[in-house]
Amino acid sequence: MQRKKKKLIALWLTLASLLLVLAGCGDDLASQDVLTRVKASNEISWGVKSDTRLFGLMSIKTGKVEGFDVDIATAVSKEIFGDQVQVNIVPVTSNTRMSLLKNGNVDALASTLTITPERKKEVLFSEVYFNAGQALMVKKGSQIKSVKDLTKGTKVIGLQGSNSVENVKKAAPEAKILQLPDAAQAFAALKSGQGDAMTSDNAILYGLAADDSDYEIVGGTFTKEPYGLGINLGQEKFHQAVDQALQTIEADGTYAKIVKKWFGKIDGFDGGVVK
Amino acid sequence: MQNFIDAYSWLNMHFLFEGLWVTIYVSVISVVLSFIIGAILGFVRYVKVKYLSMIVGFVIDLIRNLPLLLIIFFMYFGLPGTLGIRLNTVTAAIVALTVFESAMLAEIIRSGIASVDHGQMEAARSNGMTYLQAMWYIILPQALRRMVPPIVSQFVSLVKDSSLATIILLPELMYHAQIIYGQNSNYMIPMFVALAVLYFAICFLLSRLSRALAKRLK
Amino acid sequence: MITILTDHWADLVAGLRITLSASLLALLGSLIIGVIFALFVISPLKPLRVIGNIYVEIFRNIPLLVVALFFYIVIPQFVVQIDGFTAGTIGLTIYTSAFIAETVRAGIESVDIGQMEAARSNGMTYLQAMGYIVLPQAIKIVIPPLGNQFVNLVKNSSVLAFLAGFDLMYQANLIVSSTLKTTDTYLAVGLLYLLMTMPLSYLMRYLEKRWAKQPAND
Chain A
0 MQRKKKKLIA LWLTLASLLL VLAGCGDDLA SQDVLTRVKA SNEISWGVKS DTRLFGLMSI
60 KTGKVEGFDV DIATAVSKEI FGDQVQVNIV PVTSNTRMSL LKNGNVDALA STLTITPERK
120 KEVLFSEVYF NAGQALMVKK GSQIKSVKDL TKGTKVIGLQ GSNSVENVKK AAPEAKILQL
180 PDAAQAFAAL KSGQGDAMTS DNAILYGLAA DDSDYEIVGG TFTKEPYGLG INLGQEKFHQ
240 AVDQALQTIE ADGTYAKIVK KWFGKIDGFD GGVVK
Chain B
0 MQNFIDAYSW LNMHFLFEGL WVTIYVSVIS VVLSFIIGAI LGFVRYVKVK YLSMIVGFVI
60 DLIRNLPLLL IIFFMYFGLP GTLGIRLNTV TAAIVALTVF ESAMLAEIIR SGIASVDHGQ
120 MEAARSNGMT YLQAMWYIIL PQALRRMVPP IVSQFVSLVK DSSLATIILL PELMYHAQII
180 YGQNSNYMIP MFVALAVLYF AICFLLSRLS RALAKRLK
Chain C
0 MITILTDHWA DLVAGLRITL SASLLALLGS LIIGVIFALF VISPLKPLRV IGNIYVEIFR
60 NIPLLVVALF FYIVIPQFVV QIDGFTAGTI GLTIYTSAFI AETVRAGIES VDIGQMEAAR
120 SNGMTYLQAM GYIVLPQAIK IVIPPLGNQF VNLVKNSSVL AFLAGFDLMY QANLIVSSTL
180 KTTDTYLAVG LLYLLMTMPL SYLMRYLEKR WAKQPAND
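Residue numbers (numbering that gives the first Met the number 0), protein chains in the order written: chain A, 0 to 274; chain B, 0 to 217; chain C, 0 to 217.
FYI, nobody ran anything at the bench for these hints, they're computed from the structure. Backbone N, C-alpha and C fix where the C-beta goes; we use that ideal spot for every residue, glycine too. Hints may contain errors.
[Unchecked claim] Once the Cα atoms are required to be at most 16 Å apart in a straight line, the calculated EDC-like pairs of lysine to aspartate or glutamate come out as:
{"hint": "1", "chain 1": "A", "residue 1": "Lys154", "chain 2": "C", "residue 2": "Asp82"}
{"hint": "2", "chain 1": "A", "residue 1": "Lys63", "chain 2": "B", "residue 2": "Glu17"}
{"hint": "3", "chain 1": "A", "residue 1": "Lys175", "chain 2": "C", "residue 2": "Glu116"}
{"hint": "4", "chain 1": "A", "residue 1": "Lys77", "chain 2": "A", "residue 2": "Glu249"}
{"hint": "5", "chain 1": "C", "residue 1": "Lys208", "chain 2": "B", "residue 2": "Asp116"}
{"hint": "6", "chain 1": "A", "residue 1": "Lys236", "chain 2": "A", "residue 2": "Asp82"}
{"hint": "7", "chain 1": "A", "residue 1": "Lys190", "chain 2": "C", "residue 2": "Asp82"}
{"hint": "8", "chain 1": "C", "residue 1": "Lys180", "chain 2": "A", "residue 2": "Glu117"}
{"hint": "9", "chain 1": "A", "residue 1": "Lys175", "chain 2": "C", "residue 2": "Asp82"}
{"hint": "10", "chain 1": "A", "residue 1": "Lys60", "chain 2": "B", "residue 2": "Glu17"}
{"hint": "11", "chain 1": "C", "residue 1": "Lys180", "chain 2": "A", "residue 2": "Glu121"}
{"hint": "12", "chain 1": "A", "residue 1": "Lys60", "chain 2": "B", "residue 2": "Asp5"}
[Claimed, not checked] DEER-style ranges, computed between Cβ atoms:
{"hint": "13", "chain 1": "B", "residue 1": "Asn185", "chain 2": "C", "residue 2": "Leu206", "range": "47 to 57 Å"}
{"hint": "14", "chain 1": "C", "residue 1": "Ala13", "chain 2": "A", "residue 2": "Lys260", "range": "40 to 50 Å"}
{"hint": "15", "chain 1": "B", "residue 1": "Gln141", "chain 2": "C", "residue 2": "Met123", "range": "34 to 44 Å"}
{"hint": "16", "chain 1": "C", "residue 1": "Glu56", "chain 2": "A", "residue 2": "Glu215", "range": "42 to 52 Å"}
Looking at chain A on its own, in the form it has when it is part of the complex:
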């Protein structure tokens, strides 16, 4: 029995050290050169929202995520790596996207990501590919007409990890902010009266309000939210390639085609399009 025990110990120690070695071998995914890896594997992963109409929404019919961000990510990838590259669309939320990029779960983000000075310390941004602005959505007939009405005692619903939450803290410091995991949950919470208003980018809110005529966007936009594609720090070569690809698809009309496909029938979106 003593010998068996010793054998068992040996077995477990070997297993444990094997794991440790594996851990040590692990190359930090986020710091591998994206251009080299994608050229080798012919596969690139983009983080895209899956609950945001127009930008990235999971289709009930196909189970695939569809939207402006998906098409931009696909067009940029094909421009850089050729038509046969496989584009994986990984659903992300406002709260998870930056961590997923930094930890290497995805190669890049096309997820309604506002370019901000704070985020610039963490990621590289492409040039602006869409201009959104923050707005408020309320139930029709609400007393709240603009961000000024978010006084003490009002509750505002926002998305965890979104820039709009940071903005509304500054614009309406008195209001209580409830942060929900994603846009679908946030809208459901607004409908249940958990908050008096919901704040996010106009681009996201228009998509939600299109679902339900009881809700409207009030007070116009009160911030500028330029969207950029997010790339990990240190990926300068990939960053350059992405910017170049964006310029190419803007020049050859692909960008305009994608814009027309998603925003052609929606009023008030001309301002968002990058000329």
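With the hints as your guide, set chains B and C onto chain A.
Relative to the frame of chain A, chains B and C by itself:
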């Protein structure tokens, strides 16, 4: 009423069942893996190998006392950074569920073996059986009978717990229901009814199965 | 990890407070509801037994997340306005009460049936015999599993993070999204959870062992 009829359209149900399939798929793999790992860990803890059992026991206790949600986050966000492995949501959910449920099962299995009278082991050994023979033929069959109900209720927990993985957007039942009512809020109540019925059906079936199994073992 | 704890101490403590109060309130609530339904399940009256069994089976077989989200987004639209903390606590209470009902039922049934009969033949009513003879003995048997239910409650209260309930897990997610230090934050928050759950679950294991050695009527 019209809401219910519309909500349960063929398209929506198809989408919902796709989610159900992921729930079942993730659950079954996690159940199998966590049973194997849990049995090994529980046994190591029971036989009291110096140091090793102590370390294993401590790690099991750590995991058992953490919220599963935290483990899910950790596996999805933490692992790629620390190990350099890119996990998709399905793998991350399976790993997280397996880690958590193996720890829970290890404890069930350890106490199950421990609950069988110690005298029986000694009697078997004195009759010339080796330790492993006595364990396999005398102790384990009895322990197994006692373990079946708690093990199965742990499996039921696993199926229910898999719903927490919506937080990392695992395309399972809960997440698909949220997508449907997120796109049309009239479908909210019908979707909650559907969720309740579907989860109940799987879990209830599983627990009934265990009861039948427990009876047959007796 | 240390910097996460020091930089965000106020938020984390606020989260801890919410987590603990939700767990304590839910424990209290689910104890009351759980005991009532346990008595239903073992009651001599068939309608009560049926109601008790249905309640227990339903809530044991539906994920906590489904129950909690139901209270957060469905109930306010049709019944009464409740916030994330309340909805989460109610969800936790109902979910846990089904498990407590099971635990209490098993505890009562483990008390010798002869004692009930003896008490009844000495002129006690059913309720008197239950209240004075059976329940006091059952309490000792059920305290360790109830303690473990509290540990589960602390872990499960992380579901409040889905409901903007401002609990520890919610705060963790906000810290992650502002600092992007996933591994460090979840390790730090995991430590805080362990500080709440580990001592209690070791205490319960100790009590279980100690009381198991003594006769039940001491």
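Status of each hint after checking the structure:
Between lysine 154 of chain A and aspartate 82 of chain C the alpha-carbon distance is near 11 Å, which keeps this suggested pair within the 16 Å criterion. Proposed proximity of lysine 63 of chain A and glutamate 17 of chain B is supported: the alpha carbons are some 12 Å apart, at most 16 Å. Only pairs whose Cα atoms come within 16 Å are accepted, and lysine 175 of chain A paired with glutamate 116 of chain C is rejected, the gap being roughly 59 Å. At roughly 14 Å between alpha-carbon atoms, lysine 77 of chain A and glutamate 249 of chain A fall within 16 Å of each other, so this suggested pair holds.
With a CA separation close to 15 Å, the supplied pair lysine 208 of chain C and aspartate 116 of chain B stays within the 16 Å bound. Only pairs whose Cα atoms come within 16 Å are accepted, and lysine 236 of chain A paired with aspartate 82 of chain A is rejected, the gap being roughly 20 Å. About 13 Å separates the Cα atoms of lysine 190 of chain A and aspartate 82 of chain C, which keeps this hinted pair within 16 Å; it holds. With a C-alpha separation of about 14 Å, the suggested pairing of lysine 180 of chain C with glutamate 117 of chain A holds against the 16 Å cut-off.
Taking the CA atoms of lysine 175 of chain A and aspartate 82 of chain C, the gap is near 12 Å; set against the 16 Å cutoff, the hint holds. At roughly 11 Å between alpha-carbon atoms, lysine 60 of chain A and glutamate 17 of chain B fall within 16 Å of each other, so this suggested pair holds. Note on lysine 180 of chain C and glutamate 121 of chain A: the hinted pairing holds, with a Cα-Cα distance of about 11 Å set against a maximum of 16 Å. Proximity of lysine 60 of chain A to aspartate 5 of chain B is assessed by CA-CA distance (about 15 Å); at most 16 Å being required, the pair is judged to hold.
For asparagine 185 of chain B paired with leucine 206 of chain C, a C-beta distance near 51 Å keeps the hint of 47 to 57 Å intact. Between alanine 13 of chain C and lysine 260 of chain A the C-beta distance comes to about 46 Å, which sits within the given range of 40 to 50 Å. Under the hint 34 to 44 Å, the C-beta atoms of glutamine 141 of chain B and methionine 123 of chain C, about 38 Å apart, fit the expected range. Taken as a hint, the range 42 to 52 Å holds for the pair glutamate 56 of chain C and glutamate 215 of chain A, whose Cβ atoms sit roughly 44 Å apart.
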